[in-house]
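> Sequence:
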Amino acid sequence: MASQPYILQKCFKDASAAAGPALERCIDYAVGVLQEAETKSLKAKQRDELAMAWRELLKLRPVWVAQYPRDVLAAFNTPVDAARAGAAPAARTLSAGDKFSLVDDDELVQNIESSRLLQRVLPVVEQVLSELDALMSSAQGLPNVSPELNPVRPDAFAQALRRMIDEAQAEPDTRMLWSRHVGAQLGKELKQIYTEMVDTLKAANVQSASYRVLQTPASVTAKRISARTDGGPAGAGGPGGAGGAGGGYGGMGHEAPPGGLLGDGLPDPEQYYDLSNYEISDALFQDFLFHGGSNQQQGLAPSYYASVDEELANLRAEPDLGPQFQETEPPIPQEYLQMPAVDRPARFVDVLSQLSSQVWGAYGRSRERAILRTQLKKDATRVGQVLGLEVVRKLVNQVAQDPRLLVPVRESIVALEPSLLRLAMIDPRFFSDERHPGRRLMERVAERSFKYNDEFSPEFQAFFQPVAKAFVALNDREITEAQPFESALQQLESQWLEQDRDEGGQQQQMLQAMQFAEERQAKADQIAWDLSNRSDLDHVPAVVLDFLYGPWALAMAHARMTDKTDAIDPMGLGSVVADLIWSVKTEFTLRQPAKLLEMIPPLIRELRAGLDLLGRDQREDDAFFEALMRLHRPALRLRRAKNRRDAEVESGAVPLDAEALPATPEQRKAKAAALPWLARQDMAAAGFEDTLPTGAAQLEEELPAPPAPVQEAAGAMDFSLDPALAAGASAASSAEAAVEDAGPTPADILATLVTGSWADLYSKGRWLRAQLIWASSKGTLFMFVSHGGQPHSMTKRSCERLIRERLLRPVDAHGVVANALDAVAREAAPGKGRSGDGAASQPVPLDDDGNRAGKAYLPRRPSSTSQMGILA
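Just so it is clear: in the sequence shown, position 632 is 632 by our numbering, and no numbers are missing.
Just so you know, these hints were derived from the structure itself, not from any lab. Take these hints with a grain of salt, some might be off.
[Claimed, not checked] Taking lysine-lysine and the DSSO-like style, the derived pairs with C-alpha atoms no more than 30 Å apart in a straight line are:
1. Lys796 <-> Lys778
2. Lys202 <-> Lys188
3. Lys669 <-> Lys523
4. Lys764 <-> Lys671
5. Lys13 <-> Lys202
6. Lys585 <-> Lys671
7. Lys59 <-> Lys43
8. Lys585 <-> Lys523
9. Lys13 <-> Lys45
10. Lys202 <-> Lys10
11. Lys188 <-> Lys10
12. Lys40 <-> Lys59
13. Lys451 <-> Lys764
14. Lys778 <-> Lys451
15. Lys202 <-> Lys378
16. Lys202 <-> Lys59
17. Lys59 <-> Lys45
Could you build the full structure based on these sequences and the hints that come with them?
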């Protein structure tokens, strides 16, 4: 087993692991066929035989599924000559002479069934098997395709299955049924296993012409071995230096093929790879990027080191501008500074950008970063290290050009490139692990920076200075493990946690208040529904039902949620309902005016006390109490009359008010509130009054008419535009009308916002970066929080209007590093070439002399929102 190359062992392991589930599916198929045959059979004896066959097969299934992978793995590692000798009777077709040989009848039947089993499999796998034979022959180092030497040939699977069937304690007829029906599905399962094996071999670049496997002369090999054994330090910077952190097969946890390594642990010279002129679209790079790189432990050819030496010499020959170059940031045009932060064009940054040496030290200069990167390429001893350095460079370049990030953040990732390159030398694929400290540090800094939309604001500078300090410290350290990145991230996180703690208390109170209001409204809607099902609502005026379904249901819900005594009817608010309903039914009150007169004062006090629980301004309910007084007036007049007849005449002469008319069937139905009700002080605390509220009449024109309490709440929550922006917003709305027809609507954009989403919000004459921290379950209320914990709450209608008029602009803030890796993956896809300097293939800004500009101001381009998921 140890004599096989690593890629073969991987194929054996994967195929044997897939064999168990494959056999289980074959058995399930056979059981289904046997059960169907049992139901269709007209003979009792035949039905019994079929039933016994599938029941016994089900009993054996767990044992076979566990045993089969071990048997086929043993068959893979059995020398082909031995396997062929053992399988000869079963694999060949019986000749005429065999018919007259003195063999046992059972053995003859077994041989026939084994041959038939193989014949059922071969036609199904024929096409993929021919491709697999060619790849397997190449992987074994055979000069020509030799199908008979394929270790994973169908015979291995068929013989292992047939052996288990033969060893089962069952009748020959039963075993024959098993072999026939299980074998019928085996071909389809083998086809899938072979297809996956072909993909594995191709991913390992078996028989690939994309890179060359060089035969290194013995003299060169001896010289390289001598250079290492004569005191050269492991992992030293010379060409092909051995060692390196985690070097060799052992560093990856795989068993080293004895034929692949020399006795001293050096890569076999025949497995050196020439990477002196590879392209990003090459199969070797794709294998490393997408599948982990089956060849990343291989050594590097001398021609690679020769090309790196030449590159390094050219870099060092370039004139050194010295640390005085760009000590300070170049002056930024005044017009740029005066533009709104959200409308400033994105300045161009990439891996070739010159950064401020005052902030970033020597590595602010592009030349110094390039020299370090080339020196690390020279120090590389394994293919994986070279490819890891290439991925880091392209990853940094993609993040640097992400227009969602502020320029200083993008520059900081460029400045961090030296540390990331050193990390790639010890962990070439750290970028593929979302939990790796190196990747998390980049992602968290980018994620945190989304709190800010203005690079010149004091708030952003307070965030950025510790980040720059941490990155410079990392560049000054020797990276031999991931721990420095973890320490830097922990230090930054602790500072951010301290800042968030100051805002967290106030934010939590606001969230609790909004969540309480939403829960209270839901409970009030249920109470209103229960009230609407009362049997005593006949002849009750609509104005009273509106009060019961609205403010009074809210008061009852509030009492139940705040009661600590587990009372069935806290404060007796439920019992008030019956008194209120009785008091407005004139057919009863005219007969008992004395009772009504006695009831009214305590009823009014109880109603006022219940409403006070909500913190309502008494003036909000004056209209209801005035209407209630008018409803009570006929009975009160009767009480004051000298006799019933005079009073009846007098009351009959008074025209009946419209509000005294009984509610219609539609008015008797309780409707759920469109918005949770909030007291005015709660709305102020939640930020509903950032701008001037609209009048109730204007709001009624915009929204469908909800119940009265909902109208009052919505009128207080909605707000109009800043007057200073009204004219401009109107013009922008007209100009973008055609665009809206073709693109997503404000409702569509709003639907994409979830808790944690960021947006640029215009409020009180400033553009703020705000985060959505809460949305009601019905999606009718939204609360954003900007820097310092300032809340901004609004209705759905307000949000859509602000989005339409470009005063609320959602910000795409999902995984910056994941996005960049997706871009690298797309660039590495077949047909995509490599940009010569590692930069993304897009226009490069030039100065007036036609040279590459150090800084450029380019239009903001939309960011990619795709998530390929390949590298995450």
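> Are the hints correct? Go through all of them and say.
Quick rundown of the hints versus the structure:
no.: 1; hint: Lys796 <-> Lys778; result: 10 Å, holds
no.: 2; hint: Lys202 <-> Lys188; result: 21 Å, holds
no.: 3; hint: Lys669 <-> Lys523; result: 16 Å, holds
no.: 4; hint: Lys764 <-> Lys671; result: 36 Å, violated
no.: 5; hint: Lys13 <-> Lys202; result: 17 Å, holds
no.: 6; hint: Lys585 <-> Lys671; result: 23 Å, holds
no.: 7; hint: Lys59 <-> Lys43; result: 25 Å, holds
no.: 8; hint: Lys585 <-> Lys523; result: 28 Å, holds
no.: 9; hint: Lys13 <-> Lys45; result: 44 Å, violated
no.: 10; hint: Lys202 <-> Lys10; result: 13 Å, holds
no.: 11; hint: Lys188 <-> Lys10; result: 22 Å, holds
no.: 12; hint: Lys40 <-> Lys59; result: 23 Å, holds
no.: 13; hint: Lys451 <-> Lys764; result: 18 Å, holds
no.: 14; hint: Lys778 <-> Lys451; result: 27 Å, holds
no.: 15; hint: Lys202 <-> Lys378; result: 29 Å, holds
no.: 16; hint: Lys202 <-> Lys59; result: 39 Å, violated
no.: 17; hint: Lys59 <-> Lys45; result: 21 Å, holds
Hint compliance for this structure: hints 4, 9, 16 are broken, all remaining hints hold.
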